[in-house]
Amino acid sequence: MGRKRSRKRIKRWVPAGTLPGTLVAHAEAGLEPVQIHIFSYDPDRCEERVLRPGEIPSLRVPEKGVLWLDVRGLSDTAIVKAVGDRFGFHPLALEDVLNIPQRPKVDRYENHLLIILREVTYPVETEQMSMFLSDRLVATFQERPGDPFEPIRDRLRKGLGKIRSLGADYLLYSLCDAVVDSIFPTLEKLGEEVETLEETVISDPVPQTLREIREVKKQLLEIRRAIWPARDAMSELLREDSGVIRPGTRVFLRDCYDHTIQVMDMVETYREMAASLVDEYISSVSNRMNEIMKVLTIMATIFIPLSFIAGVYGMNFDHQVSPFNMPELYWRYGYLFALFLMAATAGGLLCYFRKKKWL
Amino acid sequence: MGRKRSRKRIKRWVPAGTLPGTLVAHAEAGLEPVQIHIFSYDPDRCEERVLRPGEIPSLRVPEKGVLWLDVRGLSDTAIVKAVGDRFGFHPLALEDVLNIPQRPKVDRYENHLLIILREVTYPVETEQMSMFLSDRLVATFQERPGDPFEPIRDRLRKGLGKIRSLGADYLLYSLCDAVVDSIFPTLEKLGEEVETLEETVISDPVPQTLREIREVKKQLLEIRRAIWPARDAMSELLREDSGVIRPGTRVFLRDCYDHTIQVMDMVETYREMAASLVDEYISSVSNRMNEIMKVLTIMATIFIPLSFIAGVYGMNFDHQVSPFNMPELYWRYGYLFALFLMAATAGGLLCYFRKKKWL
Amino acid sequence: MGRKRSRKRIKRWVPAGTLPGTLVAHAEAGLEPVQIHIFSYDPDRCEERVLRPGEIPSLRVPEKGVLWLDVRGLSDTAIVKAVGDRFGFHPLALEDVLNIPQRPKVDRYENHLLIILREVTYPVETEQMSMFLSDRLVATFQERPGDPFEPIRDRLRKGLGKIRSLGADYLLYSLCDAVVDSIFPTLEKLGEEVETLEETVISDPVPQTLREIREVKKQLLEIRRAIWPARDAMSELLREDSGVIRPGTRVFLRDCYDHTIQVMDMVETYREMAASLVDEYISSVSNRMNEIMKVLTIMATIFIPLSFIAGVYGMNFDHQVSPFNMPELYWRYGYLFALFLMAATAGGLLCYFRKKKWL
Amino acid sequence: MGRKRSRKRIKRWVPAGTLPGTLVAHAEAGLEPVQIHIFSYDPDRCEERVLRPGEIPSLRVPEKGVLWLDVRGLSDTAIVKAVGDRFGFHPLALEDVLNIPQRPKVDRYENHLLIILREVTYPVETEQMSMFLSDRLVATFQERPGDPFEPIRDRLRKGLGKIRSLGADYLLYSLCDAVVDSIFPTLEKLGEEVETLEETVISDPVPQTLREIREVKKQLLEIRRAIWPARDAMSELLREDSGVIRPGTRVFLRDCYDHTIQVMDMVETYREMAASLVDEYISSVSNRMNEIMKVLTIMATIFIPLSFIAGVYGMNFDHQVSPFNMPELYWRYGYLFALFLMAATAGGLLCYFRKKKWL
Amino acid sequence: MGRKRSRKRIKRWVPAGTLPGTLVAHAEAGLEPVQIHIFSYDPDRCEERVLRPGEIPSLRVPEKGVLWLDVRGLSDTAIVKAVGDRFGFHPLALEDVLNIPQRPKVDRYENHLLIILREVTYPVETEQMSMFLSDRLVATFQERPGDPFEPIRDRLRKGLGKIRSLGADYLLYSLCDAVVDSIFPTLEKLGEEVETLEETVISDPVPQTLREIREVKKQLLEIRRAIWPARDAMSELLREDSGVIRPGTRVFLRDCYDHTIQVMDMVETYREMAASLVDEYISSVSNRMNEIMKVLTIMATIFIPLSFIAGVYGMNFDHQVSPFNMPELYWRYGYLFALFLMAATAGGLLCYFRKKKWL
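Taken in sequence, the protein lines are chains C, U, V, A and B. Residues in the first sequence are numbered consecutively from 61, following my numbering. Residues in the second sequence are numbered consecutively from 61, following my numbering. Residues in the third sequence are numbered consecutively from 61, following my numbering. Residues in the fourth sequence are numbered consecutively from 61, following my numbering. Residues in the fifth sequence are numbered consecutively from 61, following my numbering.
Derived by calculation from the structure, the hints in this document are not laboratory data. All values reported here derive from a predicted model rather than from experimental measurement. Every clue listed holds true.
Heads up, the list lumps identical chains together, so a pair's fine if it works in one copy or across two of them.
As a list, the in silico DSS-like pairs of lysine-lysine whose alpha-carbon atoms are at most 27 Å apart:
1) 222 to 124
2) 218 to 141
3) 141 to 222
4) 278 to 249
5) 249 to 277
6) 354 to 415
7) 416 to 354
8) 354 to 417
9) 165 to 141
10) 165 to 278
11) 124 to 218
One chain only, chain C, in its complex shape (with noise of 0.2 Å):
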């Protein structure tokens, strides 16, 4: 599954010489229909309610108010294409929401700003969050329901807080606070792995340990992946003096930039983390390998001068001929000298061996 995740993420590109700005549906769009809900609200009231295809061209963002369109799923390009044409957007931004994976970046048009992150779920998948923001007025486009939104909805459902009433940029910022959020259960869930590694390893490392710990690495290094320029985008949002953020919204965008720096701060940490266990699992693997061959090779080399002893009395030198040919043989007590002197010299090993302390 990491394999055909990694694979995805790769396969993209739009053939060279394409005209820019054309809008393609990206192969793994996938055909569900395409959700289009607006919030329509200002201060006093806000309005929830799904919009229909065709009721595009017709929008309005309220007078005084705050319009947030979130459309997810980017099968229908018809629909991005109706989207950028209500409001303006740019078609080479228009491209960048269907054509993903893109880095996480904040990008400049003449009268609109489009945010690009990456949302995290467990098992580590990202999904890509395209957020347009222009005067009173947020256009997410989301690959496929399911997002970290829903408190946001709540509190504007709800009215808590101030949401309903700091305008367009405030809810960019609550979106993109959400997102970058969600990363941390995420990485709290790879810790967890990490540390049950971390024991694995020392009490039974198999290969398949180690494979477990490059599949951790590669989790976190798509985390990463999609963090690091996530940090630099809210910097440059934090940044951004177009008037489009007001200086109210800006004390909040530092607070999630600190977010990112937490998140990249964790991430770096679990990546030593797991780069050690690498070292760790090696070390204990051959720590094994050398106990066994210590252990058994001791063993070879006490037998040896016992079956060397055994030989030289089962060469057959004739002592009849002569009496100095194997005259331990016909001792009284020849076969117990034998052993004895078998006995003492295992001994002596032994002895000599835990001097040594290699036993």
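The hints should help you fit chains U, V, A and B onto chain C, whose structure is shown.
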């Protein structure tokens, strides 16, 4: 072949102290005749034709239109010189066109820009694309025929999109974008090679596998060397404010710059995967070796005491001299006792090894 | 224990999409009652007392003096909120106080600064110190009672030095300096551990040694994570020009900044030493293993030809059939000859090994 | 020789506390007499001659022309001092000329520039080139005769190109370019060595191969040390705006700067190739070792059970005592049975090993 | 000794929360009495004398001249305090003088500069040199007597060069230069050690060699820690524009800055050499080990089949029962046949090994 390519890439220099701006045909330029094509277009029409070298001095940029001079092949330095003379390109710039390979870069001259990029084809081979941009003129020099510009030519011929009305800088962008995008399919193929190798490394790691991993790494390195400075070049082009590039084109160049970053991202990802493949190969091989050594050593260790016992009862101590000399040999069940002793020893060792989890 | 700590460090996040500025007690905040102390002083006097939570709303900054509000423990969010309300601290700042752990940092708000540092105790455990600086006010929030501020309290009580007359920014400096300096004794202890391990690695390298080295490395990494951003924070404080920090205090802050650099220097030195300890451990272990294998292999190698000779003279070729069959067995000194042959072989091999410096 | 060279490079310092600007002949300057050549030219003519040391004080820069003073050899400090006195070079600059080796650099003095570069010859040996540029004057100091400037002298003599009319800064550029370009042939030769080693590593990896790889790496490192600061120096020269370098020369200097980058690129490529050669060597050697150990261990393992069987039937249990004692010895086909048992055992093991793919 | 030094370097801190500017004698300051020397000079004369501590308060800077106050030893904090009081040095600056070790640095105070550098002696030991520069005054504090300043004192005494007329900033430069240059001889000695080790590693690699390599690496690291921040300090001094350093001195400081870079270059070169020595050592040791194992394994492998043959003919199958039982034993040349079989086997194996290039 990989070796040949890398050699070609490096055998390159004009003798130290040569008059700067001297135009020397590259040693590997080959003898193929140079092809010259021109596109002369304005919003309403597009003329495309093959040019004879003799026509260069009388070449004109169409009034209110754009001229694209496309030179394919570098074997004839006279043509390069003629183009340079006709349009006032700097001698050092022309030297860079011929003096292959140059790093991708953007060089500003008084009234023209020189952009050098590298096209990448599969199996990884790079080709220098030198592009001059000056007022309503784009001149491109390729090492040899064959390029990713066909879709652009089609758009020019058929008047697709706004390419005919957007000026020379937009044409330049389109060419740059085509060159950068031409890397994606090659990367995809390398990505597949990496994945195939990933499986081979686990299932059947032979030295040849390692050599293939290294070949992939070399190819990725070569792409990296082509794309890394290309990114800087695109970024410089973005910040270019001499008026040759109009503000409207900038947003397209930023998109092209984003593509170079995406290529780099993918290259780095594959490089990391390939690097970890080497580690995985080494650990896979040493794993195998360990397994062999372990089983064999254990086997040897079991037989060593057995052979010792057989050796003992092969000794020739004379029972007739004294009853203490090898009485076992004269027991009724002596042989069975010896066989049982051997079986017990072997069984005991097997149990011990199994308890220690060495088996 | 090391594991527990690291787990604590990472289990941290407010659910994605939570209303920003929501104050939630940290899961590990414990149930100990919060202690609130205040120091209210001007150059002439210093009042110190314990505050009841109910008194917070009516708390006053002394005219021409400084108020230090010292909150120990974070279990009661109401107190944090009351302090925030009384002095106008930003909700996001208060969230950072409770939302542990935060990276050390300096956050500017409209009329106050938030400085977050980490105290380090031995065995390595870090505690977040959140400090607010505003006009003639310092408010500190600690995770739990116990801090390195006692000498500062003494100087305030006894009016030692100029601390009473140098304003809130000087008090803030003193607190920061105390937090940074609190790391030195811990580092010293880790340094001693490293030195002990250095000897163990050479004299008696067991897997446990490796685990201890890794434990030290982890602790050093944790200090590094505490001090690295602290250095940036102090440097930002140095460059702070909002008027909250007076020029006269700057020279002291620079000194404190120097201390953070010294801590980092020491941490990096110890980290390098610990890293080289791992290498030394591995080389020490492999050295031992090599020594064992070498001696044992040599021993085996010497006995192999001896056993072969014994085997030869244990063959049963029938001398009666022909005088060519094993005549040695019927020599007068055959046995002695065989023993001599064995001794000569063994001696020759020993000489050869000695000449090759394998012994 | 490599070692000698590196020693030369490092044995260098003036005793601490020496009067700054003291001119001391370098210990390795040798005793060869110093050669002084001058080129005195303007657009119309070029005078070239050998200068006697005594003529230095009366040397003149030609009106409207350029003087190139070319000193080859540093054994006579009096000459260096005389040149310095005549043209007002700073004592510290002169000290740098003599005090070899200096890092490549550009030093600005009140009315002159000092440019230091390193020429590289094959086998890798570097030579310091110190060049002074001041108004219509270039003075070069070489460690010893022999340089890559001959083509420039030819162009001066024959008036090729515009060198005679483009001033002292253009001459300086030409000299710098010649020094930088002199590195390419050496790099090419090192590249060939790397390729030869690449094949040796696979076909016949002996310790000598490793030593040769290291020698190449050292030489590449030495070039790197020469070219890395040279790039900075050229970049500084490019940004030089004191008027000594005219805008028209800048485009040429940029070309020279590009060449330093190309050299660095090639050096880094070769260094990477050499580094991967070391890995390849190690893996090639360990591969061989593994192959040997495996085959030998397998062979030993096959014979061990066979010897055991032979040992069993060499036991002396007395058949006469009981029919249970080694009845096989008295079977009609006992011997054949034993031989068959051995063959079957060996065959079984071989099959097993082959099935496990150990053979 | 190396260990002791490193311990000294790290046991250092004032208890957290201590009154800033508190002067505490360093624990290792020793009990040697402090020596105070002064040089009071102007262009025409130079007075040198030993100062009693009691004279400090009445010390005067000579009109139109320069005073160099040279304090050797730090055991008496009263003297440091008296000097600080007399010349108005900042308490924090004085603290840095006593609080050893400080990182090399430049600290600006209202009317004086504090420059801290580290002298390096062989065997590598560093000593903190604290230098104050203020209007016509240089005050130096050394940890103990013994310094590289003697040549400067000589130049002052004898009026060599322009040192007497160039002011306090030039004196400061001279002192800095002497401290930096004092590192060269030590580096040269370490360079010789590295070269000696290079030969030992190939000819006779024992664990002791590795320990010596590590000792050299530690010493190089210590020099690096002394010189790296010193370079920053010198660069800061160069950019110092408070008027204390006159433009004329700047060119000398640049020279000194160049020297720090040269030292760093040499240190990095030696560090690289030492690092590659470790690799070379490991490969040399493993090479030896491989050689031993190979030869011994081959020897064992040759004897194994020989012993097997001997074992076969040591079996006791009864020829009298059947002619199939070991007929060889009763052949006329049976024994010779067996010996020949053994010789042929051994020879065949040797040929095979030789063909495989294992011998």
